[in-house]
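Chains C and U, in that order, give the protein sequences. Going by the numbering used here, the first residue of the first sequence is number 1, and it counts up by one from there. Going by the numbering used here, the first residue of the second sequence is number 1, and it counts up by one from there.
There may be inaccurate statements among the hints.
[Stated by the list, open to error] Calculated lysine-lysine pairs in the DSBU-like style (CA-CA distance at most 30 Å, straight line): (1) K300/C x K343/U; (2) K195/U x K40/C; (3) K335/C x K383/C.
Since the hints were derived computationally from the structure, they do not count as laboratory data. Since we're looking at a predicted model, the values are computed, not measured.
2 protein chains.
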Amino acid sequence: MAVLLVGALALAQGLTPEQMEQGKQIYFQQCAGCHGVLRKGATGKNLEPETLKKEGLTEDAIKAIITNGMGGMPAWGKLGILKPDEIDLMAKFLLSPVPEPPAWTFEDIKKNWKVHVPVSQRPTKPETTRNWQNFFGVILRDMGQVAIVDGDTKELVKILPTGYATHILRSSKDGRYFYVIGRDGRAEIIDLWSKEPTLVAEAKVCLDARSIDTSKYEGYEGKYAVVGCYWPSNFVILDGQTLEPIKMVSTQGYVQSTGEFLRENRVASIVSSHFSPEWILNIKEGGQTWLVDYSKLNLKGKPIVVKMIDTDRFLHDGGWDLSKRYFLVAANAVKKVDVIDAKTGSFVASIPVGNKPHPGRGANWVHPEYGPVWATGHIKDNKIAVIGTDPEGHPQYAWKVVKMIETMSPGNLFIKTHPKSPWLIADFPVAPTPEANATLCAWEKDNLEKDPVCWEVPGARDIHARMVHIEFNKDGSEFWVSAWANKDTPSFIVVYDSYTLQEKTRITGDWVRTPTGHFNVYNTANDIY
Amino acid sequence: MAVLLVGALALAQGLTPEQMEQGKQIYFQQCAGCHGVLRKGATGKNLEPETLKKEGLTEDAIKAIITNGMGGMPAWGKLGILKPDEIDLMAKFLLSPVPEPPAWTFEDIKKNWKVHVPVSQRPTKPETTRNWQNFFGVILRDMGQVAIVDGDTKELVKILPTGYATHILRSSKDGRYFYVIGRDGRAEIIDLWSKEPTLVAEAKVCLDARSIDTSKYEGYEGKYAVVGCYWPSNFVILDGQTLEPIKMVSTQGYVQSTGEFLRENRVASIVSSHFSPEWILNIKEGGQTWLVDYSKLNLKGKPIVVKMIDTDRFLHDGGWDLSKRYFLVAANAVKKVDVIDAKTGSFVASIPVGNKPHPGRGANWVHPEYGPVWATGHIKDNKIAVIGTDPEGHPQYAWKVVKMIETMSPGNLFIKTHPKSPWLIADFPVAPTPEANATLCAWEKDNLEKDPVCWEVPGARDIHARMVHIEFNKDGSEFWVSAWANKDTPSFIVVYDSYTLQEKTRITGDWVRTPTGHFNVYNTANDIY
Chain C
1 MAVLLVGALA LAQGLTPEQM EQGKQIYFQQ CAGCHGVLRK GATGKNLEPE
51 TLKKEGLTED AIKAIITNGM GGMPAWGKLG ILKPDEIDLM AKFLLSPVPE
101 PPAWTFEDIK KNWKVHVPVS QRPTKPETTR NWQNFFGVIL RDMGQVAIVD
151 GDTKELVKIL PTGYATHILR SSKDGRYFYV IGRDGRAEII DLWSKEPTLV
201 AEAKVCLDAR SIDTSKYEGY EGKYAVVGCY WPSNFVILDG QTLEPIKMVS
251 TQGYVQSTGE FLRENRVASI VSSHFSPEWI LNIKEGGQTW LVDYSKLNLK
301 GKPIVVKMID TDRFLHDGGW DLSKRYFLVA ANAVKKVDVI DAKTGSFVAS
351 IPVGNKPHPG RGANWVHPEY GPVWATGHIK DNKIAVIGTD PEGHPQYAWK
401 VVKMIETMSP GNLFIKTHPK SPWLIADFPV APTPEANATL CAWEKDNLEK
451 DPVCWEVPGA RDIHARMVHI EFNKDGSEFW VSAWANKDTP SFIVVYDSYT
501 LQEKTRITGD WVRTPTGHFN VYNTANDIY
Chain U
1 MAVLLVGALA LAQGLTPEQM EQGKQIYFQQ CAGCHGVLRK GATGKNLEPE
51 TLKKEGLTED AIKAIITNGM GGMPAWGKLG ILKPDEIDLM AKFLLSPVPE
101 PPAWTFEDIK KNWKVHVPVS QRPTKPETTR NWQNFFGVIL RDMGQVAIVD
151 GDTKELVKIL PTGYATHILR SSKDGRYFYV IGRDGRAEII DLWSKEPTLV
201 AEAKVCLDAR SIDTSKYEGY EGKYAVVGCY WPSNFVILDG QTLEPIKMVS
251 TQGYVQSTGE FLRENRVASI VSSHFSPEWI LNIKEGGQTW LVDYSKLNLK
301 GKPIVVKMID TDRFLHDGGW DLSKRYFLVA ANAVKKVDVI DAKTGSFVAS
351 IPVGNKPHPG RGANWVHPEY GPVWATGHIK DNKIAVIGTD PEGHPQYAWK
401 VVKMIETMSP GNLFIKTHPK SPWLIADFPV APTPEANATL CAWEKDNLEK
451 DPVCWEVPGA RDIHARMVHI EFNKDGSEFW VSAWANKDTP SFIVVYDSYT
501 LQEKTRITGD WVRTPTGHFN VYNTANDIY
């Protein structure tokens, strides 16, 4: 009935059912991440038709904004991502009633779950002769692929088909498995111990997801996986070896500060505690961190225990401090970094930072004066916030911004360092200029007053690439950065020397298309960042 | 927009906006309890217009069912509760699209919260000279009142205005306060220590509620209250002294067995654990019991901890076993009683019983052969199920129906006993005949083989009353039963001798209208049933 009604009203906007369907697809791919499936807004603004009309946004005005961008919104037209007829369609679509997003039940997950290689048929020790702990899993975003690259030889080991727009990879505690999660809610396990990397299991867990992790506490290593979903807003616990669904828990709920009810209360980042059999799930719109205890899942009659901690709203991504006790997470729309203590299960601090912090997992090092610190860059500020993280050894700096580093541009997505490197490296993939997109900067970790070394990556601008995501190899001697270009253009990954910042080599080939995140097995498994 | 659409379609069914509003009111009062606000069904069937049409239920067929009843559904027409024009309206209403139920936010609760007597102005010791521990709080259901009656003298002490259709009263651990919850989601606190009973605080917690309790664990007595809501489906934690809202947690979520998502996942009964600072909340449609830890609510940065235990679906009402360790709760639509161990926080058993068990809080006693037992009657079966509850002393009987007692009729709502009474008493207020409605039965607790003593209450049928709810006085020497008649008719409460079953007296007066539940302070505070 609701579908018919929405259909009828969409027709009133001049959209055929086919156009409505196309609008839904485009909206889901380009808009929903920031504005929400229900268009109620999150990082982006509210886009409900009533709101747009109240704001006086006509079809023409909307077309102009989609074409040219506005504030933090990309210029979808100018960037060539949406064509003029698609922009026409989207303006009409946005003025039509919000279609009800589809459901995805536990039964749906079960039906869309496949074990390609049963656990009994998997190797019990590594069968590859390569140094698999130094493999990199490279996301080929728009190809729906993950490439496994040998970090020692830089050879392509294997390309594996994955879901659409893979968001991240996470490693099992022993590093053997890569867990993949895509924006289409498809999760996969890649086994790196096979003769060649093999997709051993997959499950379509939801319709939109951003995070995955596994049980890492002693005695539970690899027993369970958990996927954090955007739509439906929930988390799903799966068998860690087969991805068989075990438990689905809704996160729909209330905004902590106002009590407004949210159907879209999405699970952003997830980490696995080292202090207890718990996952730390960040519930975005509502403003809570949930500690989910997985230790009783296999005990009949026992509960799943969820500890709900109030935080700032709009939690997004984050990472551990150096001690792996404190989890620092960006509350991006309110310009804060929140700190959760995994040991005591409590909220520790809300730290004001710059505009739209985006740490990825952040960067950790020991500063000569401030002691252990963690840092985040920002999407909408030309700043890197360095935060003291050692309340015992350096209480005067703990949970304060000890240094706000000026950068050459906003538009940073990732910063990274490694205990073996003297440098803190930053990218600028969402900066407003192609020059900045192609540029990387490095600061001396021990001397933050000193001007950074910045360089434009040769060849990047030629293919309209944005340099994105910094990841070190196992021994920390080099770091890799992806040149994220268009799907039609073969691109490259640059390998730099960790000490000299000199380019050592490039990973190229026809297969290198839309590379984005690239995760080193050892560093990912051991939370080294 | 959605409202406009529903309005437009309702018009298509021939309903004016005023009629639609009237339909919503009648539906909410008479239908929603069993069929759900969203009409998706629970104890009653699904009533969505698509379903009714698919089942071939025309407007005339629906009118006939509302008039004459069907299965467990009352004959609303024949009983004179709905008039013919209201039945016409309801048939049209049910074939119209389901209107979106209103929201109720934390801000709404705050705005509708009032402290009539601040804590500092309340007495620090009883100022009444009456034996307040033997007060009865009598619900005058359709009057929107609670009467406080002196259990010693049988005098009316005070009538207090409460919300619409008060569902239950619960006592604070010390018995001083009655906590009231009505079907309109209004909660009140009545102070029995004042010179005369006084309404000291109230809050409109939600739009439909059924349960309330307070923190009873040592050190937390009376610190918090919790209300379980039907709509919106959630629970709300309030200050135990003032009802100031503290925390609202949604229970919308998944059916545990199928993964279907439920907006209407209602909180049925609540009890307060004696083993830990936890409440036990029964989540009806989804099939879970939630243990909610209230011990960290006052600690900054600390979580609210929810332990989610899978159970049968359609949990409704229930009570403690004699040891107050095990909570027994009816899963009424699936003919089960589930057992939760409050000490270990786990699901213990699912016990098949009769059709639609309705224990209220049940009845506990020590049987000479079976040891400690707990019993429930049934709405749709002429049976009382007696269940063994002593896994240590009588393991062979534990969590089994040790005796299924035949009763003279289905339609039982409450059974009750007291350690000082040799009798197990049952009412039949929802039985199909006026004779049964006016009748009470009593079994010898120690000799369940023996035929019961049954008697029709003189005068009950004359006023079309249904005898309902049995409650003992403080010393267990007598029990009270309400004659639940029409609002226009003064009615009575009969007081019986606990040993001889002889009528001792009647509580009458113009004020005794629609009396239903009547709660003794001492027995309610101490969970004696």
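Here is how each hint holds up against the structure:
1. Restraint check for K300/C and K343/U: the C-alpha separation of about 16 Å stays at or below 30 Å, so the hint holds.
2. The straight-line distance between the Cα atoms of K195/U and K40/C is roughly 53 Å, outside the 30 Å bound, and the hint therefore fails.
3. A distance of roughly 12 Å separates the Cα atoms of K335/C and K383/C; the hinted pair therefore holds under the 30 Å criterion.
Consistency note: the structure conflicts with earlier hint 2 alone.
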